[in-house]
Every structure is written in structure tokens, then in C-alpha cells.
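> Residue numbers (this note's numbering), protein chains in the order written: chain D, 1 to 314; chain Y, 1 to 538.
These are computed hints drawn from the structure, not numbers from a lab.
Treat each hint with caution, since some may be false.
Keeping only pairs whose Cα atoms sit at most 30 Å apart, straight-line, the calculated DSSO-like set for lysine-lysine is [said to hold, decoys possible]:
(1) Y:K342 x Y:K385
(2) Y:K489 x Y:K342
(3) Y:K350 x Y:K399
(4) Y:K229 x Y:K270
(5) D:K126 x D:K218
(6) D:K87 x Y:K125
(7) Y:K111 x Y:K517
(8) Y:K131 x D:K87
(9) D:K87 x Y:K237
(10) Y:K125 x Y:K155
(11) Y:K124 x D:K87
(12) Y:K379 x Y:K410
(13) Y:K237 x Y:K297
(14) Y:K184 x D:K87
(15) Y:K350 x Y:K507
(16) Y:K418 x Y:K220
(17) D:K87 x Y:K111
(18) Y:K184 x Y:K124
If you want the ones that stay clear, here's a sample from chain Y, every Cβ over 12 Å from chain D, calculated [unchecked claim]:
(19) I85
(20) R192
(21) A255
(22) L266
All figures in this text were calculated on a predicted structure; none of them were measured in a lab.
Where is the CB? At the ideal position from N, CA and C, for every residue including glycine.
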Amino acid sequence: MGLLTYITKKLLIGIPVIFGVTIILFYIMYILPGDPIQLLLSGERVTPERVEELRRAWGLDQPVYVQYFYWLSRIIRGDLGISIVTKQPVSLLILQRLPYTLALMLTSILLSYVIGVLTGIITALKRGSLLDSILSTSSIICYSIPGFWFGLILMLIFAYYLRLFPVSGYEGWHSLILPALSLALPSSAYVMRLTRAEMIEVLGEDYIRTAWAKGLSKRRVLLVHALRNAIIPVVTMFFLDLPWLMGGAVVIETLFALPGMGRLLYVSILKQDYPVVQGIVLIITILTVVCNTLGDVVIAILDPRIRFERGRSV
Amino acid sequence: MRVKGISSKLIVAIVILIVIVASVSAYFIYTSQRAQLGAPQLERTLIIAIPEEPEGLDIQQVTWANEVHGLIYQPLVILGPNMSIVPDLAVSWEVSEDGTVIIFHLSKDAKFSNGDPLTAEVIKKSIERYKTISPYAEDFADVERIEVLDEYTVKLILKRPAPYLWAVLVTVYGAPVNANVAEKVGDAEFNRNPVGSGPYKLVEWVRGSHVVLERNEYYKTNIPFVKNKGPNPYIDKVIIRFIPEDLTRIAELEAGRVHIVRGVPLTEVKRLKENPNIQLYETLSPGIHYIMVNVLKEPLNDVRVRKAIMLAINRDEIATVLEGNVVPWYSFLSPTNLCFNKTVEELAEKLYAYNLEKARELLKEAGWVDTDGDGIVDKNGVPLKLTLLSAVDDPALKKAAPLIQAHLAKVGIAIEIKEYTYDYVRSLTREWNFELALRRFSWADPDILIYLVHSEYGNYTYSNPEVDRLLELGRGVVDMTERTKVYSKVQEILLEDLPLIPLFVLKEYTAVNKNVKGLIVLPPYGDLIIHDAWIEKG
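The following block holds chain D by itself, in its conformation from the complex (with noise of 0.2 Å):
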């Protein structure tokens, strides 16, 4: 079985989830208390009549499955609709903000994997030492608190005692440091608990033995034959990391004040703006079945056994 077959195949997979969470999302949406009509005419001055005719206009008077089947009659023919809120398209709105998340994204899931390794083989190899006891703790301390409160504390220290980085807002990419670095430190600890224990692992095993025996050199050792093993199920966890990312982002951008997509879907939850968010989680979805066919594809190369394997078994 060929490996383009194997993504075709993971991605076709992908399709029924795509449908499966707008269906769930579009439910969750539509027994939500109150209504995007009722949201937006938030002044007083305005008789029911108002704001029962622009709840005809917008469609929202039809049942829940005749409002979800038109909404998919537009996607199918890739328009992403209207936005109750603000009137622009969806479509417009994403791009806008897309790339402020794709860099935070990016920038954080380096950080966090350049930082979880490195210190994952450090303590890994200096098991037992004073230095992997406190890399140890922090890492757990790192993982137990939420990243917006990182976030406040590093805002305070860097922002606004040491003024390096701006407060908020987006002014280049200075800006994406802090916001990066709170969304990247929970995620770091654990890429650097996985490290740890998948290299104490394989510098248990025979071959490792061998190697050493062999007299290869350290570093051919330890990066070619150790870490290449060691390093699989972290490069899994790269991938599933990237769109479990994007729920930080909500957070992150909404306190940086960051002109990104988690912030656009914050707002449009408040405001029950459901083109918005259907829109965005449409996105998030591919991203997530995108990503995922990408990990196992990475797999694959990396470990050939795998591919035979589950090519057999789907």
C-alpha cells in the first residue's frame, strides 16, 4: 500500500468528523439561551416587532434543521455566509485574522517543543541530579497553571516593569513573545515529561547497549539511535498539539489583545454570531483532521513498521 493512498484514505476518514462537529456545533449553538437578534439590539429602544423582523430576515424564525441544511448548501458552494454581527463575510473575516493565530501557533509550538526537548534530554540523561529535580518540579509546576495566568505574570514582568515587549496588541512580532511564551510553557512540560521518559526508556534498551559497545561515538549514539526512537511519540504530540493549540488561543489572544482568530471566536460565542463561529470551527476541524493525517504521515516515514500495520487494519 502506497503511502498517497494511506493520506487519501486518513483524509476521506476526515470528512464524516468535519460533518459530525458542525452538526453537534450548530445544535449547541441553537439551544443556547437568548438569540443573535436579541444580542445585538441591546438597546431599549426598540419594539418586539424590530427585532422579530430581523429575526425573519436572518432566517432564524426556521427549524434548527432547515437553518443547518442551508447553511451547508452555501458551504458546499464555498461561501461561508454573512456575519449577523458585523455584515462582512465570514470568509473576509477569517483571513483577516488567520495569520495573527497561524504565527502565534507557530511561534508558541517551537518554543514549547525547542524548550520541552532540549530540557526532556537534559533530564533524561542526568537522571537522578539536582538539575533534573528542579527541571522536574518547574515542569510540573509549568503544567499546572493555566496559561492566561502565565500570561498576566509575564505581562507584568516584562511589560510593564521591564517594558521589553509591548502590553498588547500587534506591532510586529515582539508582540507574538509573551503571548507565545504563556501558551508554550504548559505545553513545554509536558513535551518535556514525554522526552524524559521515552529517552530513559530507550537508553535502557539492548541495541543502545550495543551501540556503545560498538564504540560509536556520544553524539552518534544518542541522537541517531536513541533519540530517532525516542523522538516518535513526541512528534505525535506536535501534531495533536497544533490544534489543541488553538483553544489556548482563544484565551491568550482575547488577554494580549491579539487581532486573531481566537479572539474573533470569542467574541462571536457572546454574541451568538453563528456564521462566525461555524466558519471557524469549520476551520479549526480541517486543521485538526489536517494535522492528524500529517502525524501519522510523519509516523510512517519515520517508522515504516506503522504504515504496514494500520494499512492492514483500516
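Position chain Y relative to chain D; hints supplied.
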């Protein structure tokens, strides 16, 4: 082991190197950018931070207005510091004896920010556009037709006298838009890129982040209390940033990166007052925070129970807990509402000053006594338990709810608090699906009451033909003294019926860096008048 030691040292060295290189380069890039943006910007650019991004910039399409609209548009008239109507875009105006004709005179060189002449013709077109596309089109419902007398004179002919119309005209909602441009580019584009005649014009709107406004060189105003009637020579640019998180907004102000902050959280007021670099401007909200009562529901349909609730609430304690950021209130209009009558508030306070004895008596009279000794009054075996809807997103109401619960417990009324978002609480009350609900309103004209207690306009539970009649009458009384009498009468009836239980009037704050001089924060809405403002280099 020896080999391992060398390698980990190497890795540690690499990590340290990366960290050092990254932070040094970040620092240099940041300082170089600060140097570029820094010095001249601090003096010539005013930076304002507000919590929410506007949904659109066409004042005739949006459902709420904020500081961005306030700077882009220019109303014909505005409310002056003493709540009297003063000219802004209009030079002068006349109202006919019977109140059905309003004539505005414009200055001959009035222009929109794109240089188009602002004539009577455009004003006519603009109001007609409002009547077709605004969600608040009812604002101008009583304007039957608009006549252009000459290029600089426009005449509004009303179906009936409509003094409440002034409450719209004094806000940005009543400001003319360049309807010709709107027609040419389409409503969607005009909502992104509008043309008004306010002191600043839109240059750039970075979604989710900020708008950049630039001085409108054609700007001209007739506001009597500002010295500078043209474009402000000291402030070239205004940047309005959207910062949703309260703490971030305040941190930006304290870090000196923002000059003005709107939406100051109540919890920060005390601390900001102590900050020597920051000045707080205080305005009283034009409206009250109150409990809306479902007057159709047992046992709240008994006015004695409503009066007992009114008497049992200790408003002074609420004010203390809210750190003095609210004023205890007993009547239905605040001092910054038009037609406010001090004697009504005094009467209300006399009638309903905190009095547990009187409250208990009223409950007893209504048949509610604690027979089983559980601390809750009961009648025919049913204990008096009520649900109070509170709003998580309104800090003042959220804090008041448990206090009210404690106060009412003292007279034997058990309150269960249910918290939702404010908008959802409002929609539950609109569906009559509630018992007690914490609500608020903020609108300068007393006509707002028609949407709350008139049996048809607002369609809430309360209905009283006399109140309906007076509220309909009140819309049409031109003479302010007469009009005040009408709304005083309305309030006196409401004080007897209590469909709403007033709680307090909120103080609203604008936090400003002290290097901003000459700023006016205008009641009742706290509009920023920056005509005479300048920013000293900080």
C-alpha cells in the same frame, strides 16, 4: 558517564546561547521600533483604549455606537454640560409653536470629511436613509417629510410634536452621513469606510486591533463651550485600540502606552484614584439600575409584596460594598436624565427609605407570616420563595444580587439567584419568563420609560392605562417644564405600582493619563470632547 557529561554541557551551552541571542535581538528590534514610533507620536497622536470593537462604522447600520463613531460623526446639536441643547453642526434652529415643525440652519461652508459640501439636501437624504435601514428606524418614525428650504436650511415636518426626537438628534445616531457616497459605494462598503463630518476621519481599520483616525481638515463646529471651532491643531491622529480584557486595558494605561481608557472596571477605580499620573473623570449614568418585577405572577401581583421588597433593600449598604461607585436611588430617572425632578426623588426616598418594620407589616397585611418558624414567611402553607435573575457581565448588578438576597432574607423572603448574561436576562423578561430580574437602562430622554412600562411598546408584564396615556402624552409635550410635570406624574404612579424597583445610579469613569490636557468628558454619556486637548510630552 564521562562522555555523557560533555554532551549535556554542550546542550546547556546551546540553550543558553539561543536564549541570549533571542532576547538581545528582540530587545534591539523592539527599541529601534520604539525609537521610530516614539518621540513625535507621543505628542501628536492620541491613543484611546476601549473594550469592544464596533460592529460597523456606518452609524445608520449599527446597533450600538462608541468612541469611534463619536469622532467620525457630528450631530446637528448636542447636550451641553448643563443638559441643555446647544448647536454643533447646525448654526441655529427653530421649533414651531405647536412643535410639529423643526427648522435647522447650517453654516455655508459646512463640509464632509471628504470635502463634499454638507447641504440641506444631504441631510434630508441622510435622515431618509436612516428611516429605511437603521435598526432604530422608529427614532424618526414621527418625521413625516423633510423639506429643503434652500441650500443651508432644512425643515422637518412631524406627524405630531416629538420632543423625544431631540434625544436622538443630540447623539451620533442623529448625525448626518454622506448619503451620496453611501449610495455610490453601497451600504456594506460604507459600513467599512464611512464618511461623516466629525473632527476625525477614518484612515485605517485593522480588524480586531484598532482604527486609525486622522484630523478632518474640513471640520467646523458651533459648540459654544469649546474654544477651538475648527480642526484640532495639536492632535493629528487618534488611534482607538480594542482591548477586551479589563486588566490589560488598565495595564496599557499605567504603562503609559495609552492615553485614555474607557470602560474602567469598578474594582480598579480605587487604585487608579491613588495613581498620581492618572486622572479619573466621573459621569453619572443617564438611567437607573433596578429590579424588574413580573407583576402578573403570584405573589408579586400583590403591590404590598412589591412595596415590602422596595422597603427591605438597604441601598446604602449596596453603595458601600460597591466602594461608592453607585448612588442609592429610589425613583425612576437619574439626575442626568432630561425631565429629572429632584422633588420626585425626595418623595420616593421619604416613602421607601430602608425600613424593615414597615416591610414586615406590609407582608403581614398581605397574609405572609412565618407560621412554621423556619425564617421564611408563608401563606396557606406556601413559603415566599422568589427567583432573582442577575447578570454575570454587569459587575454592579452581579455584586448587588447577593446583598439583595441577604436584605430580603431579613423580612422572610427567600431569594434564589440565577446568573446569566445580561442580554439573556433581558430576553427572559421580554418573554415574561421571570419573577424578579436585575436590569438597567442608559438613555438621556425619559421617553425610554415607554419601552419599559407602557403596555404595548415594551410589551412587558406591567400595564396601566393612565401610565400609557401619560407616556404617550409625554412624547409630544414641547415645553420642558410641562414635560417634566408629565414624567413626574408618571413616576408618582410608578412609585405606587412599583413594576420596577429602583436600586442605584451608576458612576461611570474615564481614566486619563495626566499629560493629556484640556479634555472634556461630557455627561451624560461621557462623550470625549477633544477639541481643545493637547498631549504634553510625557
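> When the structure is checked against the list of hints, which entries are broken? Sort them ascending.
Numbers 1, 4, 13, 16, 20 and 21, in rising order.
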